[in-house]
Amino acid sequence: MRREITLRLGRTVHLPIGLRFAALIATLLILLVATSLAALQLGSTPVSTADIVRWLLSLETADAETAPIMDLRWPRIVAALLGGAMVAASGYLLQVVARNGLADPGLLGISQGSMAAIVIGAAVFGLAPSALVWLGLAGGFATALLVTTLAYRLSSATGLILIGLAVGIVLSAAIEIVMVQGGILQFARWLAWSHGSLTAVSATNAGMVTLWAAVLLPVCLIASGQAMPLLLGHEQAAGIGASPKKLSLLLTLLAAMLVAPVVASVGPISFLGLIAAHVARRLVGESPGEVMPVTMLIGALILISADTAGRTLFLPVIVPAGILISIAGVLTFLIAARLSRSHR
Amino acid sequence: MKVVGLALLTVAFVLLCGLHLTAGARFSSPGLVIDALFEHDARNYQHVVVVKQRLTRLVVAGYSGAVLAVSGLLLQKTLRNDLVSPSTLGINSGAVTFAVLGIYFFGLDGAALFWPALAGGLFAIAVTFLAAGLVSQGGRDPLALILGGTMTATLFSSATTFAISLDPDRFGGLMGWLVGDIGNFDYQPLAFLWPIGIFGTGVALILCRALDLQTLGAEQAATLGADPRIVRYGALALAIPLAISAVCVVGPIGFVGLVAPHIARLLVGETGRIAMASCALIGAIIVTAADIAARTLLSPQLLHVGTVMALCGGIAFLAIVLTTLRRRIA
Chain A
2 MRREITLRLG RTVHLPIGLR FAALIATLLI LLVATSLAAL QLGSTPVSTA DIVRWLLSLE
62 TADAETAPIM DLRWPRIVAA LLGGAMVAAS GYLLQVVARN GLADPGLLGI SQGSMAAIVI
122 GAAVFGLAPS ALVWLGLAGG FATALLVTTL AYRLSSATGL ILIGLAVGIV LSAAIEIVMV
182 QGGILQFARW LAWSHGSLTA VSATNAGMVT LWAAVLLPVC LIASGQAMPL LLGHEQAAGI
242 GASPKKLSLL LTLLAAMLVA PVVASVGPIS FLGLIAAHVA RRLVGESPGE VMPVTMLIGA
302 LILISADTAG RTLFLPVIVP AGILISIAGV LTFLIAARLS RSHR
Chain B
138 MKVVGLALLT VAFVLLCGLH LTAGARFSSP GLVIDALFEH DARNYQHVVV VKQRLTRLVV
198 AGYSGAVLAV SGLLLQKTLR NDLVSPSTLG INSGAVTFAV LGIYFFGLDG AALFWPALAG
258 GLFAIAVTFL AAGLVSQGGR DPLALILGGT MTATLFSSAT TFAISLDPDR FGGLMGWLVG
318 DIGNFDYQPL AFLWPIGIFG TGVALILCRA LDLQTLGAEQ AATLGADPRI VRYGALALAI
378 PLAISAVCVV GPIGFVGLVA PHIARLLVGE TGRIAMASCA LIGAIIVTAA DIAARTLLSP
438 QLLHVGTVMA LCGGIAFLAI VLTTLRRRIA
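Top line first, the protein sequences correspond to chains A and B. Under the numbering used here, the first residue of the first sequence is numbered 2, with each subsequent residue one higher. Under the numbering used here, the first residue of the second sequence is numbered 138, with each subsequent residue one higher.
Every clue listed holds true.
To spell it out: a stretch of chain B is covered by chain A in this simulated footprint if at least three of its residues, at any positions, have a beta carbon under 8 Å from a beta carbon of chain A; those stretches are:
1) 288 to 297
2) 453 to 464
Taking CB as the label site, the calculated pair distances span:
3) S203/A - G168/B: 53 to 59 Å
4) L353/B - R21/A: 54 to 60 Å
5) G270/B - P317/A: 36 to 42 Å
6) I241/A - G270/B: 35 to 41 Å
7) T360/B - L284/A: 51 to 57 Å
8) W331/B - A329/A: 38 to 44 Å
9) L316/A - D246/B: 25 to 31 Å
10) G240/A - P305/B: 55 to 61 Å
11) P317/A - I367/B: 49 to 55 Å
12) A139/A - W331/B: 46 to 52 Å
13) R283/A - P305/B: 33 to 39 Å
14) A129/A - G406/B: 52 to 58 Å
None of these hints come from the bench; they were simulated from the model. Since the structure is predicted, the reported quantities are computational estimates derived from the model, not experimental observations. We treat Cβ as the ideally placed atom computed from N, Cα and C, and that holds for glycine.
Just chain A, same shape as in the assembly (with noise of 0.2 Å):
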């Protein structure tokens, strides 16, 4: 048996809730707020705690000095957390969909989706930002059904990846077909931009992700309750009384806006939901309602630790977080998908 402690709002509400459980969020939460901290701490010029404390304790009297560095560094720290969290979430989520453990945004082809419409609305059509996100969604969702439909009855777990992968190339192809126009400097600044940096993270991208994420993750969470079916398979699902169609459909174009802002702001983060949702899944067990949550702590974790480390480790030279990400991106995936093997 599992241990639990049972949470009771009133006389209606009873929410059992495992101890491991709590005690692996209580930590995670913990160490993000402590990698927080460092994170504005560290830097090319360090700030002591004090001023930090300062500075979060009341925003107009912080010193002349902390308050510019402060104001570069925030934006990165919110949009590396939230971005963070939305990518594995969205990670996962493809995971449950798909039925494979080795499924992820980037390696299916979605974040590539996203960017290649956000390039050519950007930079064929001349759209204003605000809309791109919305077109970047529209990209992505038709990337992902294009994936899964073109994998639907193959039923091979690395076939669905490949697919993803050869997807994936030629849009990236295309991208940079409408970036060499601009000439060299914009193809240089999209090199960085197609592994994920979050060096050009403004106050303004930071604020857009923080909307996306204030309305997705909660429903993520929402979500995630009701997927415990999916992972039975489509005919056990419906033999329940799910409805395995419709929900893969809502959960694929979930999965969808969850990247969309992420990539416009930061670019597409490949390999983040396959480690987030792995190491949750073996933190956790299987039950969805429990992973999310894990899911989304973790991923924010290993990208706002990735930035830092990016950005302070190898001073004075700047490493996007996307590619220390990769890096440890593949041999996860080496692990994870030789554990799914033995699994079987």
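Guided by the hints, dock chain B onto chain A, whose structure is given.
For chain B alone, kept in the frame of chain A given last:
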């Protein structure tokens, strides 16, 4: 029948070469091209463009296409897997990573990059086999090898970007090479590397029969008098340097080695020397056509040949993966 196919391919290639020399940001008439080639006038600007810019590009495109295609065919035959090629096995990416490190640490350039690139290619293919072993756990799943290769390629391209971000100014001029492109000065390293291509293709043609026996399986081949181990390692020892010699010149142009053998199989079948020669020709045709497309599609703006190949080759890769999967279900 096969000879006819080969002859047709040769004619197609010659015609394409003519098109390559005439087409560009500014069209040159065929008469002008012939003048430029046979009665070269160094003071005539258009003659200089045809010879110094287009002819050199044509030679580089033809060489790298042919060599990559032969390398792909050798790999597909030895590993008995329709999806392998220098790019899908990660050889190209590994070579680029090591070449960039060679530039960064030792300041190498030109043909001297061949050695670090070769080391990188060998290292990458070892990593790919290791990764594929992890994914498939000893089973022989052709898709697992490709998945391992793609992951290796991702790993090495991240490493390359990391190395570049150490000193971005130094690699600014290499941007085209990193994506895979034919530049106007690419013929300079080729002047040193061409013997590898000629020698490799020649030996590949000689080995052709023994390799065809390999496709029957190791036991069958052994009873028919071909030592499987020697042939297998020999073919790998040819395929990797061939691919590397192209990567050193033009950068990691992908999918030529994957697509060319498939087209050759459709046109002239898969066994024999004629199939191999056709494959080399098809590779040359593909890269030359991609180069024409890169120069003219958005002219005067140039595209990277590697980008054009990734666009078309990616679609072909998708189609090949899908057919492989369908065939397995049927």
